[in-house]
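Could you build all of it, start to finish, from the sequences and the hints given here?
Number of protein chains: 2
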Amino acid sequence: MKYSQIFTKTEKQAKEYDSLNATLLIKAGFIYQIMAGAYTFLPLGLRVLNKIEQIVREEMDKIASEISMTALAPKSLWETTGRINTVDVLMKTVAANESALAKNAQEYILNSTQEELVTPIAQKFAISYKDLPFATYQIQTKFRNEARVKSGLMRGREFRMKDLYSFHRSEEELKKYYEVVKKAYVEIFKRLGLGDQTVIALASGGDFTKDYSHEFQTRCETGEDIIYKDLKTNIYYNKEVAPPDADDTSKFEKFTAAEVGNIFPLNTKFSQAFNYYFTDQDGSRKIVYMGCYGIGTSRIMGVIAEKFNDEKGLIWPESIAPFQVYLISINDKQEAAQMIYDQLTQAKIEVLWDDREVSAGLKFADADLIGCPNRLVISEKTGDQIEWKQRTSQETQLLSLDQVIKKLST
Amino acid sequence: MKYSQIFTKTEKQAKEYDSLNATLLIKAGFIYQIMAGAYTFLPLGLRVLNKIEQIVREEMDKIASEISMTALAPKSLWETTGRINTVDVLMKTVAANESALAKNAQEYILNSTQEELVTPIAQKFAISYKDLPFATYQIQTKFRNEARVKSGLMRGREFRMKDLYSFHRSEEELKKYYEVVKKAYVEIFKRLGLGDQTVIALASGGDFTKDYSHEFQTRCETGEDIIYKDLKTNIYYNKEVAPPDADDTSKFEKFTAAEVGNIFPLNTKFSQAFNYYFTDQDGSRKIVYMGCYGIGTSRIMGVIAEKFNDEKGLIWPESIAPFQVYLISINDKQEAAQMIYDQLTQAKIEVLWDDREVSAGLKFADADLIGCPNRLVISEKTGDQIEWKQRTSQETQLLSLDQVIKKLST
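As they're listed, the protein sequences go chains E and L. Going by numbering that gives the first Met the number 0, the letters in the first sequence line up with residues 0 to 409, in that order. Going by numbering that gives the first Met the number 0, the letters in the second sequence line up with residues 0 to 409, in that order.
Since the hints were made in silico from the structure, they are not lab data. Where is the CB? At the ideal position from N, CA and C, for every residue including glycine. There may be inaccurate statements among the hints.
Which chain L residues face chain E? A few, computed with CB under 8 Å, are given here [said to hold, decoys possible]:
#1 PHE6
#2 LEU45
#3 THR135
#4 ARG156
#5 GLU157
In silico DSBU-like links for lysine-lysine, alpha-carbon gap of 35 Å or less [unchecked claim]:
#6 LYS406(L) to LYS347(E)
#7 LYS61(L) to LYS50(E)
#8 LYS129(E) to LYS380(L)
#9 LYS347(L) to LYS123(E)
#10 LYS123(E) to LYS61(L)
#11 LYS347(E) to LYS175(L)
#12 LYS332(L) to LYS8(E)
#13 LYS26(L) to LYS285(E)
#14 LYS268(E) to LYS26(L)
#15 LYS268(E) to LYS91(L)
#16 LYS362(E) to LYS285(L)
#17 LYS50(E) to LYS1(L)
#18 LYS91(E) to LYS50(E)
#19 LYS8(E) to LYS181(L)
#20 LYS347(L) to LYS181(E)
#21 LYS1(E) to LYS189(L)
#22 LYS406(E) to LYS1(E)
#23 LYS61(E) to LYS362(L)
#24 LYS74(L) to LYS11(E)
#25 LYS50(E) to LYS50(L)
#26 LYS129(E) to LYS332(L)
#27 LYS11(L) to LYS123(E)
#28 LYS388(L) to LYS61(E)
#29 LYS149(E) to LYS91(L)
#30 LYS11(E) to LYS268(L)
#31 LYS11(E) to LYS129(L)
#32 LYS50(E) to LYS347(L)
#33 LYS14(L) to LYS253(L)
#34 LYS61(E) to LYS175(L)
#35 LYS61(L) to LYS388(E)
To spell it out: a stretch of chain L is covered by chain E in this simulated footprint if at least three of its residues, at any positions, have a beta carbon under 8 Å from a beta carbon of chain E; those stretches are [claimed, not checked]:
#36 31-39
#37 66-72
#38 123-129
Encoded structure:
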């Protein structure tokens, strides 16, 4: 893509937003803050978000089928589970032609999670042992009525999330699928460039299970969670379930982290609320076991921006960078740049070509701020060759176009 | 994909929903009604919606850059334009820890259209004549607080829509881009299989312009609009702007239609409200001209279901069918079917293989109800060959696998 084709610009002013990730992403033209906790994804930001979600989708498609549920739900579904009174971040809205003051006004819920919607859907289609187990997921915009938001994309009033739900004939079958999801998540975080920074931590099972749930926690200084690593067993604990001696630094490592995913055995909480039973092979009626599994896709973008940067700007992992290459042409090199751009594009390499009529200094600064993994420069100085530099390195190399294509295609 | 991998089933009961499209799409397992006007897209339905949106995206990418705005907006933006008092379908919600009854409670709007959001974004990035013209679009979930909804996907409280906004230095420049969008829309509706059923009708310019706006109207008996065609000039008019003699059947053809897209010269309504000016080449300060252009992607799915069907079920246009092929294997043909499925998939042909252990009768009925363009059958009767039938035809043909691949690849 040519820079002149997108309408955004980087921001030079040093205004600081509520978090490092918001500041960097806004300065670099990836997002626009409409209000605290709600951000528009601009062309560069949408590319990153789409890449994160596509990686999640590809791994989910191996173990579940995709659907898209509604953001709105009738209040009655949340009354069925009682969560209308316990989930304190629910946003509510009132039906047309009704005043919020009216008694019995028809209210809708803006879902922050979707067990209340998916359980009746499962109940419609999966009623026999032959229909089970099955799993379904979606990648969708969700809402949380947070009192305070001060972490950019890491905590939003409106945010993107992948939520997967599974349905089983027994607790044993649920536990087996639970491990399948765990493996899929490990693969996802590896592909997102967070593999060695992300751990699986034990966390509370809430009122769903006496067992633990599991959180995928990415090391991040500005994260909201405290994690303890048992140095002997290599088991990680969220602070809420940490052993009593967790503050003994000879036994535990303590670090802050951001929750990027969670997997949760719901067991029979929702099937009981919706009276969701199936007919087993022997004709008996048995309750359905459920699991739920989330990944915060927009939060991950925030966490990555928060972690991978330097004083010059963002540093995207290869797999989710908006473009692989930032191409800079200086002075009278437009024609040569067009040819290089065309050939790289033909070789399926994603290029952002800074074709603007602005100073070379601004182009170099924007290359660093936007943070694509590779920078290519052609100028009078480079002659027939191309200067290649990685975002994470100071070294430059002069290469032929063929060498560049070979390097970037591997 | 194998049918056994998706969890939905077709419905045999003859329950009628609020519209033919809802009834057909629910019976065939494409959508699930969560409440009137709000539908979950199940695996088959999500495939169709994604295909519609991908066609729209490909044509839009040629003339604009994609972003994704928030569903929520602070109330203040809608107060700036005054539309908080004039748009009667706005959904509102209240910020955390505040009662709807409190004076000055912080309210959010759930956007039904996004001029209030996009104008300030444009204003941030495009302030010089060098930055203009530009256009940006999104494909997103929107909300309308409809008092009554009774048309399935054709009118929703929650729905999917593509909205494009353009920004110009003059009315003349806006008018030029307006024609570019018109052409892109013509191409989109052609690709969606609605080309010969969709007309461009003159409609009111509202309080934005004394000129007309333009609606893309698809002939549909259950549509909400009345269109008049001037038989002499071949100009189409929405009833609201039809000439006084429009009911003279010697001069006009009258038909009902569903609005699937609209293009609208906003002129300076929003730039005035937001005080959005640019600096022209000569240093003077001039107001920005705007246009907006919508396409209802989920509505289009409803309109197509409403129009293209017979007593046996849905009949999808090739370009947006959930799969090109519905493959039926009968009796002991699982192994042969697997081979055919693999080879078709390898040839990039999208196949839904009905691998379920159910009666042949149910498989044939589901093939018709789901409505993929081609049905393939292998059974003892077909021997080494494959029976091919189009959804729209009664004739069957026995073909070799190579012949099938050749036929479906063209």
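- Message: Between the alpha carbons of LYS61(E) and LYS175(L), is the straight-line distance 35 Å or under?
- Response: Outside the cut-off at roughly 47 Å; violated.
- Could you grab the alpha-carbon distance between LYS268(E) and LYS26(L) and see if it respects the 35 Å cut-off? Holds. LYS268(E) to LYS26(L) sits at ~29 Å (cutoff 35 Å).
- Message: Holds or violated: LYS61(E) and LYS362(L), Cα atoms, limit 35 Å.
- Response: Within the cut-off at roughly 25 Å; holds.
- Task: Quickly compare the C-alpha distance for LYS129(E) and LYS332(L) to 35 Å and report which way the hint goes.
- Result: OK: LYS129(E) and LYS332(L) at ~21 Å, within 35 Å.
- Message: Checking one constraint from the list: CA of LYS61(L) to CA of LYS50(E), max 35 Å. Satisfied?
- Response: Between LYS61(L) and LYS50(E) the Cα gap is close to 21 Å, so the pair holds against 35 Å.
- Message: Run the distance test for LYS388(L) versus LYS61(E): straight-line Cα separation, threshold 35 Å.
- Response: holds, 31 Å
- Query: Given the proposed pairing of LYS406(L) with LYS347(E), does the C-alpha separation stay at or below 35 Å?
  - Reply: holds, 29 Å
- Has the given pair, LYS149(E) with LYS91(L), been kept, meaning a C-alpha gap of at most 35 Å? Roughly 23 Å between the alpha carbons, so the hint for LYS149(E) and LYS91(L) holds.
- Task: Take the C-alpha atoms of LYS50(E) and LYS50(L), compute the straight-line distance between them, and say whether it is at most 35 Å.
- Result: Judged against 35 Å, a Cα distance of about 19 Å means the pair holds.
- Can we keep the ARG156(L) interface hint, with Cβ of chain E closer than 8 Å? Holds, about 6 Å.
- Message: A closest beta-carbon separation below 8 Å is what the hint needs, so does GLU157(L) meet it against chain E?
- Response: holds, 5 Å
- Message: For LYS8(E) and LYS181(L), compute the direct alpha-carbon distance and say whether it is at most 35 Å.
- Response: holds, 29 Å
The structure fails hints 10, 12, 34 (numbered hints given earlier, in ascending order).
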